[in-house]
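Given next are the chains, with one letter for each unit.
2 protein chains.
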Amino acid sequence: MQSDKAQQTHISFDELHALLARIFARHGTSNEVAAILASNCASAQRDGADSHGIFRIPGYVATLQSGWVDGKAVPQVTDAAPGFIAVDAKNGFAQPALAAARALLVEKARANGIALLAIHNSHHFAALWPDVEPFAREGLVALSFVNSMACVVPHGGKRALFGTNPIAFAAPRAGHEPLVFDLATSAIANGDVQIAAREGRMLPEGYGVDRDGRPTCDPRAILDGGALLPFGGYKGSALSMMVELLAAALTGGNFSFDFDWSGHPGAQTPRTGQLLIVIDPSKGAGSNFAARTELLVQQMQDAGQPRQPGDRRYRERAQSARAGIAVDSEELARLRQLAEAA
Amino acid sequence: MQSDKAQQTHISFDELHALLARIFARHGTSNEVAAILASNCASAQRDGADSHGIFRIPGYVATLQSGWVDGKAVPQVTDAAPGFIAVDAKNGFAQPALAAARALLVEKARANGIALLAIHNSHHFAALWPDVEPFAREGLVALSFVNSMACVVPHGGKRALFGTNPIAFAAPRAGHEPLVFDLATSAIANGDVQIAAREGRMLPEGYGVDRDGRPTCDPRAILDGGALLPFGGYKGSALSMMVELLAAALTGGNFSFDFDWSGHPGAQTPRTGQLLIVIDPSKGAGSNFAARTELLVQQMQDAGQPRQPGDRRYRERAQSARAGIAVDSEELARLRQLAEAA
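Here the protein sequences line up with chains A and B, keeping their order. If you read the first sequence in my numbering, its first letter stands for residue 19, the second for the next number, and so on. If you read the second sequence in my numbering, its first letter stands for residue 19, the second for the next number, and so on.
The reader is advised that the hints may include incorrect statements.
Given that identical chains are not distinguished, each listed pair holds provided it fits within a single copy or across any two copies.
What the hints assert, rightly or not - Below, computed lysine to any residue pairings styled on SDA-like, alpha-carbon distance capped at 25 Å:
(1) Lys176 / Pro222
(2) Lys90 / Arg44
(3) Lys90 / Pro100
(4) Lys176 / Arg330
(5) Lys176 / Gly251
(6) Lys176 / Pro324
(7) Lys90 / Ala121
What the hints contain is simulated information worked out from the structure, not anything from laboratory work.
Looking at chain A on its own, in the form it has when it is part of the complex (with noise of 0.2 Å):
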């Protein structure tokens, strides 16, 4: 994903928009869950969060390819309780599914100051901050989890178990864009890995595990059959268990080590489950939560904390506003050839 400058061109958010929904849809997704994967890719693109934009739609077009996923899939909703969503998005992605729930996700947890939103059967390909960070615009506060496949170690333990299992936070801001986060719970992210395998770079400690769970900072020996590790050692661990209960257990989603796509050469995309908790700040004593959490932003910047969680993305979001969204020539090429193919 290091591109040269020079070979970069710029595009309108509409245009790479199109452009990505004729990939989705020419490869067999319905027009409705084109739109909706290609505004998410579109957007991770926008604000410079590359390992989740354009660099994905090869990995999309196999996985859709090789029949793993129903891209025509009509999610089902399920109003299981006041707070409580339970969506199956019936072997579709995970994206449509928060859609077509979102509004019920939204009066719920107006209603009753907190809600859930349980996905199973779904398959999320995606970053975590474009599900979490609208809710935080209409002032509530959102966090999800996701498991993805095994290929995080348990903390002690030699065989990878767990997925790469994010969890997103997204909090209003009084007078600003909303504070949001999107960790992995692993110590490093797969395709980082592969950049250092490339670049030939040895990875600091604490990263990864060889065939036999044997801790190595070799990235070779984490791509040949070994393992990514939690990260900040047992606590991290704990926290992607919770993920995988969270996510899959709670939804009725597979565990990470669950599904076996062996019969579907090219897959990629974790069949697994998501969780949404959507609450609305008004409902507590501290109504005035929005200015609340902008104070706290305040102090983190007076104590020195360089950077706030989303700064980044905001800063290539306001970039590619004014002069466009930042694309490889060469991979734009290559897209355009997909949304002729099929």
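Dock chain B against chain A, hints included.
For chain B alone, kept in the frame of chain A given last:
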């Protein structure tokens, strides 16, 4: 807290509970509050959680004597929404506030699928796992967040701002004790820094900074105007920030840097807030949640993870049930003096 086994004596839970309740009541709490705090503290001692057992009693006593906390406070419970309870602890301890709202919280979680308890104006000076474990015994999933006092530097910063800000989680597990963790988002507990300083040991890298915000491995430099670091770098720091927002901003409580106890020498309990989220997993597509938890634990064991969260506590608990709760003889004598003094 390193005690010579030869100096230990063993007493029953009921005897320890009665002794601790007497101490609390003698130092200004109501009988109701005394019973609740005694139960919490005796449970920690029983489970080998030494740093939250009788070790805490002098801190409780000093705080009560300073007038910083109201040991007779009667929490005010507000049924804010079908899934949202707010409690003003009235400058009392957090545990009686939870006790006052607990039955309603369970009722709301079962009716709505998820419910939230926001406690503010409260003091939490205990382990967090005792607050969540009982929900899992009733088949519910529970999460809790408490902020404390400024002693942790945000990632990349120089000044302490966050508390040790623990996150606790509990889930039912078929045929076994609940799966429970309680982890500080700081890299190390304050008590462990004190022990290292006493023993003249250096700490590993990444645990703390000195008074100028520079990384240090010297526990004395951390204690002498320095501060702790979050666990796991920027990720742990983001989670600690989230705890401030959930436990303080959302509840209407103080941030960890908000309160001023300088007028109350001896005060040790942070006056902040606490959030609990309780989920009824039977509302999800996964009606067999506890069996799925058990499967995950089995897989963690098969993957070579040597110990599950909570294992040590349950082992110590069983040992205490057989042989009585181990207490240092001299400490027990001091407790008995405190129970008579006012």
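Each hint tested on the structure:
no., hint, verdict
1, Lys176 / Pro222, "both (19 Å within a copy, 24 Å between copies)"
2, Lys90 / Arg44, "within (12 Å within a copy, 69 Å between copies)"
3, Lys90 / Pro100, "neither (29 Å within a copy, 36 Å between copies)"
4, Lys176 / Arg330, "between (35 Å within a copy, 21 Å between copies)"
5, Lys176 / Gly251, "both (14 Å within a copy, 24 Å between copies)"
6, Lys176 / Pro324, "between (37 Å within a copy, 10 Å between copies)"
7, Lys90 / Ala121, "within (21 Å within a copy, 45 Å between copies)"
Violation of the numbered hints given earlier is confined to hint 3; every other hint is satisfied by the structure.
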